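First to last, the protein sequences are chains A and B.
If you're matching positions, the first sequence starts at 0 in numbering that gives the first Met the number 0 and goes up one per residue.
If you're matching positions, the second sequence starts at 0 in numbering that gives the first Met the number 0 and goes up one per residue.
Everything labelled a hint here was simulated from the structure, so no lab data went into it.
Don't take each hint at face value.
[Said to hold, decoys possible] Taking lysine-lysine pairs in the DSS-like style, the calculated list, with each CA pair at most 30 Å apart, reads:
id : chain 1 : residue 1 : chain 2 : residue 2
1  : A       : K189      : A       : K88
2  : B       : K123      : A       : K116
3  : B       : K123      : A       : K88
4  : A       : K88       : A       : K116
Keep in mind that this is a model prediction, so the values were computed, not measured.
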Amino acid sequence: MPLLDIQNLSVAFSTRAGTFRAVDGIDLQVDEGEVVGIVGESGSGKSVTSLAVMGLIPSAGTVIADRMSFAGTDLRTLSRSQRRRITGKDVAMVFQEPMTSLNPCFTVGFQIGESLKVHEGLSGRALRHRTIELLEQVGIPAPESRLSAFPHQLSGGMNQRVMIAIAIACNPRLLIADEPTTALDVTIQKQILDLLVGLQRDRGMALILITHDMGVVAETAHRVVVMYAGQVAETRSATELFERPRHPYTGALLDALPERALGRRRLPTIPGVVPGIADRPQGCLFNPRCPRAQDRCRAERPALLADDAGRARCFYPLNSQSEVTA
Amino acid sequence: MLRFILTRASLLIPTFLGVTLLTFLLIRLVPGDPIEVRVGERGISPERLAQFRHELGLDQPLWKQFLDYIGGVLSGDLGTSLVTHNPVLQEFLTLFPATIELAFMAMLFASVVGLPAGIVAAVKRGSWFDHGVMGLSLTGYSMPIFWWGLLLILLFSVNLGWTPVSGRLDLLYYVEPVTGFMLIDTLLVGEYGAFWSALEHLILPTVVLGTIPLAVVARMTRSAMLEVLGEDYIRTARAKGLNSRRVVGLHALRNALIPVVTVIGLQVGTLLGGAILTETIFSWPGVGKWLIESINRRDYPALQGGVLLIASTVMAVNLLVDLLYGVLNPRIRHAR
Ligand SMILES: Nc1ncnc2c1ncn2[C@@H]1O[C@H](COP(=O)(O)OP(=O)(O)O)[C@@H](O)[C@H]1O
Ligand SMILES: [Mg+2]
Chain A
0 MPLLDIQNLS VAFSTRAGTF RAVDGIDLQV DEGEVVGIVG ESGSGKSVTS LAVMGLIPSA
60 GTVIADRMSF AGTDLRTLSR SQRRRITGKD VAMVFQEPMT SLNPCFTVGF QIGESLKVHE
120 GLSGRALRHR TIELLEQVGI PAPESRLSAF PHQLSGGMNQ RVMIAIAIAC NPRLLIADEP
180 TTALDVTIQK QILDLLVGLQ RDRGMALILI THDMGVVAET AHRVVVMYAG QVAETRSATE
240 LFERPRHPYT GALLDALPER ALGRRRLPTI PGVVPGIADR PQGCLFNPRC PRAQDRCRAE
300 RPALLADDAG RARCFYPLNS QSEVTA
Chain B
0 MLRFILTRAS LLIPTFLGVT LLTFLLIRLV PGDPIEVRVG ERGISPERLA QFRHELGLDQ
60 PLWKQFLDYI GGVLSGDLGT SLVTHNPVLQ EFLTLFPATI ELAFMAMLFA SVVGLPAGIV
120 AAVKRGSWFD HGVMGLSLTG YSMPIFWWGL LLILLFSVNL GWTPVSGRLD LLYYVEPVTG
180 FMLIDTLLVG EYGAFWSALE HLILPTVVLG TIPLAVVARM TRSAMLEVLG EDYIRTARAK
240 GLNSRRVVGL HALRNALIPV VTVIGLQVGT LLGGAILTET IFSWPGVGKW LIESINRRDY
300 PALQGGVLLI ASTVMAVNLL VDLLYGVLNP RIRHAR
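Let the sequences and hints guide you as you build the complete structure.
Have a look at this one:
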């Protein structure tokens, strides 16, 4: 049984232009101790998916799913207070913007300790001790002196470490990191990523690593989910995906990697943007940007079909058996 | 910190001068001088009039009168009342506690009602409660104090007889002033009956004076909370699995309080201005009523001194609010 099992999850927002499905029928399974990478350009519904797992979709949004269970518990039927006992304890999340994700009015020590206080009832010396330990584990130098620091006194990288300390405080079984390095300097990005992967390995927790950077996924993920316009475009093991991508969108994302473009003068980019509320096309959602699109792609929406090594949502996939024979 | 206080304090000097000059000129624009007003219709011989004027220095050119007055103020002398012949400062200090008590209660009322109303309105944005709070606060904000006071007196004092019409204390009681605050003084001597009477007398003036600040506090709290509730760190707080009470009451409110406290502090000016009207309506023996009387009697020194002291109080409170802002906002506190 997967640790997290989500089937046919949709999140719709009611907007002035009508209801908009930011997430449209996605499946997502994560096993205990597994690292799953979710990739896709911005606007493809990665954050909304993770917020739905956390139970943090704002009231303007509706979440529906055929199945949404964590460690065998059906998340859909839990009361709010039952849900809160899981959120922040067994499932925790690190956000994209470390500088704004911490409360400017409270010290770092307080914000880390709060989770421990609320979920584990720690207080006094034990709380302080555990907080310092967490700061050490996320690689913050002189942790004792940092307890009383405010977020604005720390750098972005340090704040993201604090966010990670908050997230791992109660030993979660699943950590969701939503573009944890996007807002950071390139030099810091690698450190934070290494920290996350190290923590995942040491603690054996499952990790959902959300990013729009295929390179990051290549180094860390066991399995990859490629999202496009609120749907899963392709999913398979990381090795398979990098060796033989099937969906043209995955192919284009991989072509855009600098290390794959050696010898070429310019990085190939994907023209156009992810369709938003008003401009979702007929047929395959990717067809306006797809170099391989044919009449069928413009008329019919492909299903997410299983192949020999994973699943892809495409009528004319790359690297497939049929293509080799044709 | 010290430099900050000194810079702010040095800005006060031109304000002081301006306030003094304005009061000085405006009161002299009102027809009739202290002596004419006192003598009234009876008439008096021109020689006597000139002699009185000379004694009070009113025959001097205006600029000289002003310089003399400023000189006195700088050496700590606000002059004596032309009517009672008591030092202006002493009169002011005797009456000021009554005004502070009223203003404090009004601010307390505005905060105790306005903060929760604003918080709930923000959390339940768009609900009937939110619309109700917004509508009422708009009404409250545009309520003319005089009319509002008379309305409440008519309803609660005259028709229903629930509250006293005027004054600070029932005539049955006499309490020797110690602090000047009736609520405290009555308790100090253990006169509980007098305490209740003082409280009863405070209710209507408090409501009347507190209505505009209440509207401002409720609106400001709502908008500050709405802004804060959309911040990333609120999402983080929810992601920790904290209950709404903690998310709203601790994480959001702590941030929203920074602008709200500032606004509450800045209401003190409005409040003291409103106190003048409120005290007149309710015959409340504070500095507001005293100032109005001073205008009527053309008691120049009393009026000038009173306005100057009230202005000083407002400026001192504003300075305090600035300091408090720094204390409440860690980003400012550490920047210095
Ligand atoms: N609260 C919301 N109300 C309306 N639309 C939203 C809301 N949150 C996200 N969306 C829309 O959902 C889509 C997916 O957003 P998101 O999950 O943040 O994308 P990603 O994280 O992949 O960049 C976007 O088009 C975004 O505009
Ligand atoms: Mg995102």
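Hints versus structure:
1. K189/A with K88/A: Since the Cα atoms of K189/A and K88/A sit roughly 26 Å apart, the hinted pair holds (cutoff 30 Å).
2. K123/B with K116/A: holds, 28 Å
3. K123/B with K88/A: holds, 28 Å
4. K88/A with K116/A: holds, 11 Å
Every hint, counting from the list given before, is met by this structure.
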